[in-house]
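K.L.:
One-letter residues, chain by chain:
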Amino acid sequence: ETGVTQSPTHLIKTRGQQVTLRCSSQSGHNTVSWYQQALGQGPQFIFQYYREEENGRGNFPPRFSGLQFPNYSSELNVNALELDDSALYLCASSLAGDQDTQYFGPGTRLTVL
Amino acid sequence: GNSVTQMEGPVTLSEEAFLTINCTYTATGYPSLFWYVQYPGEGLQLLLKATKADDKGSNKGFEATYRKETTSFHLEKGSVQVSDSAVYFCALRGGSNYKLTFGKGTLLTVNP
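As you go down the protein sequences, you meet chains A and Y in turn. Residues 53 to 165 (the numbering used here) make up the first sequence, in order. Residues 912 to 1023 (the numbering used here) make up the second sequence, in order.
Think of the hints as simulated: they come from the structure by calculation, not from any bench. Relax, there's no trap hidden among the hints.
Cβ-Cβ distance ranges computed for the label pairs, FRET-style: (1) A:165 - Y:962: 38 to 48 Å; (2) Y:914 - A:103: 22 to 32 Å; (3) A:59 - Y:951: 12 to 22 Å.
Stretches of chain Y that chain A covers, calculated by requiring three or more beta carbons in the stretch to come under 8 Å of a beta carbon on chain A: (4) 955-967; (5) 1011-1021.
Where a beta carbon is used, it is the ideal one built from N, C-alpha and C, also for glycine.
Pulled out of the complex, with its shape left as it was, chain A reads as follows:
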């Protein structure tokens, strides 16, 4: 139990639609990162938020965007869904200053048809 929750657990969308995934971090964790894990692959870094500002981004297009809120929750938004967006999406939270301890949520499984 990491104290990080994600919703929904599973989601099915069709190509071209938009989706919002949610993450609730541990209290006091002011840094959140999002990862995409395709089937049979390791997680790939999407972006990171610190104090509600984007603080680093991986090799993902602008249709992947995020928000972080003062109550330690965050969102990942994906527009114009493509079939290749089907994956497990993981969020990870941590305390500023302790970059080596990140707590992962259980993930949201997104299927794009």
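Since chain A is already given, all that's left is putting chain Y on it; use the hints.
P.N.:
Relative to the frame of chain A, chain Y by itself:
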């Protein structure tokens, strides 16, 4: 850029066998190194970590040593259990940001 290469699976062992999963990395500077475990249907759990050369991370009977000269961080356990069946990911964090770079994962199955 940073990268992690780990032993391709799947790995199938009998209970009480010795486990080694190889991991090598490419990074500038002095990255922190990690092993994460993912049980079926769950997210990632940190298994162990090492933050500087020659450090040994250990947890639940697993251990790995940060070898800078060979850029390796191999995972070992002396006697595996059925409950160790999971996917194991080697990862690194380099520089001043939080980004983790993962290997592709190794599926371990332990049979009774």
